[in-house]
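Colleague: Sequence:
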Amino acid sequence: MTTVAALQIGTDPAGTQATLARILSYAGAIKEAGAKLVVMPEALLGGYPKGSDFGARVGFRTPEGRAAFRAYWESAIDVPGPETDALAVLSAETGASLVVGAIERDGYTLYCTALFFDPQAGLVAKHRKLMPTGSERLVWGFGDGSTLPVIETAAGRIGAAICWENYMPLLRTAMYAKGVEIWCAPTVDEREIWQTSMRHIAYEGRCYVVSACQVLPAPQALGVSIENWPADRPLIRGGSVIVSPMGEILAGPLFEKEGLVVAKTDRGAIAEARYDLDVTGHYARPDVFSLQVDEREKRPVRIASDRDPSEGAPQAAPVQP
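Here the sequence shown stands for residues 1 to 321, where the numbers follow this note's numbering.
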């Protein structure tokens with residue numbers, strides 16, 4: 001049996017460094033729980049800008065919106081960077097693999113990213129959200145197939161789908177085919193239907209699911225006002241949960257407070273569950289259905305040169321009279 005956990009926590013209003021400090025403050029609780037895997041919510045480092053419109057209008061953007069994006073860009077993190085270094089230390093000190101939601105800054109584009117940490121190797125992989133939902137597309141870039149890792153940990157083979165990526169059937173199929181055993185679902189979706197979705201994925205994939213959701217207080221508690229959102233309703237009420245390969249809730253859901261949601265997993269239970277349903281194995285029909293997954297990195301600019309490196313730096317061409 002192996003212990004896994006979801007850390008339900010929210011982005012600190014004081015900013016990224018304050019949020020990082022709150023994450024690190026859970027080191028003792030993680031060690032006490034004996035967790036070998038800890039999953040943290042979507043956009044935890046950098047923040048989920050719920051209710052923000054960044055001044056976007058059809059045909060134009062406002063100066064205030066540009067200033068809001070600048071502030072959001074400044075709160076994002078570089079990968080790798082000092083924040084990932086600190087999380088690598090946390091992983092090493094606790095002996096737990098970590099999956100951490102962050103807003104990744106790559107130049108002037110932001111990505112909603114899940115970062116993977118190993119106790120021995122530190123930052124080992126990342127997954128960029130393939131399809132930002134709705135207005136998220138205003139501020140987040142689109143990931144590509146090059147960041148769809150499934151990696152081996154002491155808890156089992158883990159992979160991640162962020163928030164509504166969990167509703168992409170072909171993404172789920174690709175992850176199942178990679179042999180995912182513990183499905184990590186960082187999210188900010190706090191609705192009841194999310195619990196149903198997590199149980200469905202666990203039962204469909206016959207894998208454990210660890211979903212970590214942010215928890216944020218009501219706007220009035222933060223001293224802000226958000227249009228069309230009740231002032232006394234939590235912005236994100238949590239709902240972190242751990243589900244078995246047979247779709248049974250093992251721990252949680254935890255609502256309206258921070259904390260670790262902890263459960264025991266048994267790798268052998270996955271074999272028992274897949275005895276009669278292995279959706280990319282004996283229950284597949286490759287003679288009828290197939291899926292092609294492109295995992296090549298899609299960079300917008302690729303520069304190739306035939307110059308021999310031994311020739312040294314290229315010389316400027318002479319100016320013609």
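What the hints contain is simulated information worked out from the structure, not anything from laboratory work.
Keep in mind the model is a prediction, meaning the values are calculated, not measured.
Treat the hints with care, as some may be off.
Said to hold, decoys possible - Beta-carbon label-pair distances, calculated as ranges:
hint : residue 1 : residue 2 : range
1    : 74        : 31        : 27 to 35 Å
2    : 25        : 167       : 27 to 35 Å
3    : 196       : 299       : 21 to 29 Å
4    : 32        : 266       : 32 to 40 Å
Said to hold, decoys possible - Below 30 Å or equal to it, Euclidean Cα-Cα: the simulated BS3-like pairs (lysine-lysine) are:
hint : residue 1 : residue 2
5    : 298       : 178
6    : 264       : 31
7    : 50        : 257
8    : 31        : 298
9    : 31        : 257
10   : 264       : 178
Note that beta-carbon positions come from the ideal geometry of N, C-alpha and C, so glycine has one too.
Colleague: Hint by hint, which ones does this structure get wrong, listed from lowest number up?
Modeller: Of the numbered hints given earlier, those the structure breaks are 3, 4 and 8, listed in rising order.
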